[in-house]
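Asks: Below, each chain spelled out in residue letters.
There are 2 protein chains.
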Amino acid sequence: MNTATTNRVFRLAARPVGMPKRSDWDFRTEPVAEPGDGQVLVETQYLSLDPAMRGWMNEGRSYVPPVGIGEVMRAFGAGRVVTSRHPDFEPGDYATGALGMQEYAVLDGKALTKVDTNAAPLTTWCSALGMTGLTAYFGLLDVGKPEPGQTVVVSGAAGAVGMVVGQIAKVKGCRAVGIAGGTEKRRYVTGELGFDAAIDYKTENVTKALREHCPRGIDVYFDNVGGEILDAALVNLARRARVVICGAISQYNSTAGVQGPKNYMMLLVTRSRMEGFVILDYAARYAEAAREMAGWMKDGKLVSRCDVVSGLETFPETLLRLFSGENLGKLILQVRGDG
Amino acid sequence: MNTATTNRVFRLAARPVGMPKRSDWDFRTEPVAEPGDGQVLVETQYLSLDPAMRGWMNEGRSYVPPVGIGEVMRAFGAGRVVTSRHPDFEPGDYATGALGMQEYAVLDGKALTKVDTNAAPLTTWCSALGMTGLTAYFGLLDVGKPEPGQTVVVSGAAGAVGMVVGQIAKVKGCRAVGIAGGTEKRRYVTGELGFDAAIDYKTENVTKALREHCPRGIDVYFDNVGGEILDAALVNLARRARVVICGAISQYNSTAGVQGPKNYMMLLVTRSRMEGFVILDYAARYAEAAREMAGWMKDGKLVSRCDVVSGLETFPETLLRLFSGENLGKLILQVRGDG
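Keeping their order, the protein sequence lines are chains A and B.
Heads up, the first sequence is in our numbering, so the first residue is 2 and it goes up one at a time.
Heads up, the second sequence is in our numbering, so the first residue is 2 and it goes up one at a time.
What the hints contain is simulated information worked out from the structure, not anything from laboratory work.
Mixed in with the good hints, there may be bad ones.
As the list claims (entries may be wrong) - Straight line, CA to CA, 25 Å or less: simulated DMTMM-like cross-link-like pairs of lysine to aspartate or glutamate: (1) A:Lys115 to A:Glu148; (2) A:Lys263 to B:Asp232; (3) A:Lys146 to B:Glu229; (4) A:Lys146 to B:Asp143; (5) A:Lys263 to B:Asp109; (6) B:Lys263 to A:Asp232; (7) B:Lys263 to A:Glu60; (8) B:Lys263 to A:Glu229; (9) B:Lys209 to A:Glu229; (10) B:Lys146 to A:Glu148.
Since this is a predicted model, take the numbers as computed values, not measurements.
Taking the hints into account, I'd like the entire structure generated from these sequences.
Replies: Rendered as structure tokens:
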């Protein structure tokens with residue numbers, strides 16, 4: 002039985018200009034809500050911190066509505082069911098969903114997915130088997146469509162999505178090349194993750210390094226960063242390449258406007274395509290994908306590292322680790338200690 | 002029998018910076034070459050002037066090798082066979098091919114296509130039934146894949162490719178919206194060409210006008226221009242739209258570098274793709290496409306206007322009409338009067 006009556010929650014206070022700062026949030030203590038019919042009360046264990054959050058804070062047309070001023074900050078996470086008024090859930094079950102940046106969430110049962118903590122720890126359900134792993138899976142396989150023997154390049158290769166993209170590319174018989182910043186990430190990518198090569202964009206000329214590591218050109222470029230790295234990939238495309246647009250972390254906090262890919266005419270030269278996707282469109286296939294990825298994990302073909310930071314209250318500062326390039330692996334906020 | 006022994010020819014003298022100027026060419030008089038075995042001597046009647054020519058003058062990786070300094074300027078055109086040492090051609094036949102910017106061309110017979118001047122005049126074989134018409138046909142149908150009832154938007158709508166794109170869109174049961182510069186072109190697009198709407202980018206806010214004319218969004222955007230118009234189209238895409246990259250005339254003479262599409266993340270928001278193509282890849286299907294388009298012409302569903310300028314010697318200045326936005330319809334240089 003849960004006896005907590007208070008819920009600490011981050012509500013959006015202002016739309017950030019450039020990097021989000023603490024004053025863009027309203028960190029409050031509120032009463033825990035009561036679940037209505039068909040709803041479930043979940044105690045948050047872990048929350049996923051993702052670059053996409055920065056986009057959700059902006060006004061304007063996007064793939065989901067922006068978080069409104071005064072609303073709980075949107076966040077995916079995993080938690081433990083406290084009270085259930087939905088037939089599929091019982092107290093003590095573990096589940097994932099859009100819990101929000103708070104300690105207790107009340108959601109419709111149909112917006113939650115029950116997870117098996119014997120199959121994988123809760124942090125993995127927030128990472129390789131969660132939204133970021135699924136993003137890698139569907140973006141690479143459904144949009145990128147790599148074929149055995151082809152070359153797959155991914156930016157943000159030591160990040161939550163990128164690390165999974167390269168490993169799935171290897172599972173599918175491709176050559177995997179990662180782009181990441183710094184010696185430690187570079188080593189992680191070719192070592193622990195088993196990519197064929199890695200490029201450190203902080204010290205190397207990316208255009209030249211891609212030419213060296215992809216002598217037959219890039220067949221699938223999975224982009225998480227945008228900006229100059231996207232341009233470097235475009236000039237190295239093979240014929241009929243696929244550029245998967247997943248994110249543009251280099252541009253999210255820009256106050257000077259987005260830098261468009263000036264080499265986009267290489268799409269014509271190489272007869273290639275650049276395509277965007279939104280993971281939410283694949284909801285009907287999440288379970289199937291997670292099952293396949295759990296199998297690869299069991300076989301040691303898919304590993305994932307989590308960068309877990311404790312304390313809901315650290316959210317505003319911890320989020321910035323994504324944009325400074327500090328974190329390695331999946332960035333997760335630990336809200337409770339017993340997950 | 003041809004008795005001419007001299008050939009006037011434009012050879013590339015220098016790589017232009019910005020707009021090409023007369024001194025970038027070497028306009029010479031040379032002896033007419035003799036066809037070898039399997040070759041044909043063709044007397045040029047008409048030459049097609051195209052924005053792509055500007056790209057062929059630059060060094061660097063592209064879909065065809067650049068024209069070398071000292072080489073005859075590459076140009077597609079139509080002419081009359083003078084002498085043939087290839088079994089498929091006889092003197093007096095008319096044919097199209099990459100004749101080059103000159104009065105007489107010697108080509109391998111297999112690089113020429115015989116055309117029927119009873120089916121359409123020679124200028125039409127350089128326009129709607131030539132490379133620009135075929136570019137519209139394959140770019141729209143094979144890359145853009147419009148479905149009946151969808152909205153097709155094309156930039157450069159009063160130009161050689163654009164005018165055909167919109168008319169084929171209508172044949173296929175789509176709504177066709179054109180973007181062009183100036184009142185005369187705007188009228189031409191909705192009048193003679195039968196598009197549903199036209200936007201004058203010189204006097205209208207293109208983003209706003211597209212929103213008005215495409216209330217359900219753009220399903221296929223066929224881009225000939227790049228720059229700000231491409232950005233305006235990107236923010237107006239429907240879900241799962243196709244952006245066909247055919248050209249970027251606004252950028253070809255830029256000395257400040259190419260302006261990349263800063264709104265490219267709309268590809269993610271709308272789950273759309275941007276794809277380039279090169280007409281040369283469709284060579285095996287040219288005849289089939291020309292046959293279908295000739296049928297539409299006969300039925301009055303496909304019209305085409307040519308802007309014919311006389312005199313090979315005017316080439317350097319006539320070419321600039323494409324970039325100043327002066328010409329309407331297909332720009333053609335008339336080299337001989339009897340085509």
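Asks: Take the hints in turn and mark each one as holding or not.
Replies: Here is what the structure says about each hint:
no.: 1; hint: A:Lys115 to A:Glu148; result: 33 Å, violated
no.: 2; hint: A:Lys263 to B:Asp232; result: 13 Å, holds
no.: 3; hint: A:Lys146 to B:Glu229; result: 31 Å, violated
no.: 4; hint: A:Lys146 to B:Asp143; result: 19 Å, holds
no.: 5; hint: A:Lys263 to B:Asp109; result: 38 Å, violated
no.: 6; hint: B:Lys263 to A:Asp232; result: 13 Å, holds
no.: 7; hint: B:Lys263 to A:Glu60; result: 17 Å, holds
no.: 8; hint: B:Lys263 to A:Glu229; result: 13 Å, holds
no.: 9; hint: B:Lys209 to A:Glu229; result: 30 Å, violated
no.: 10; hint: B:Lys146 to A:Glu148; result: 24 Å, holds
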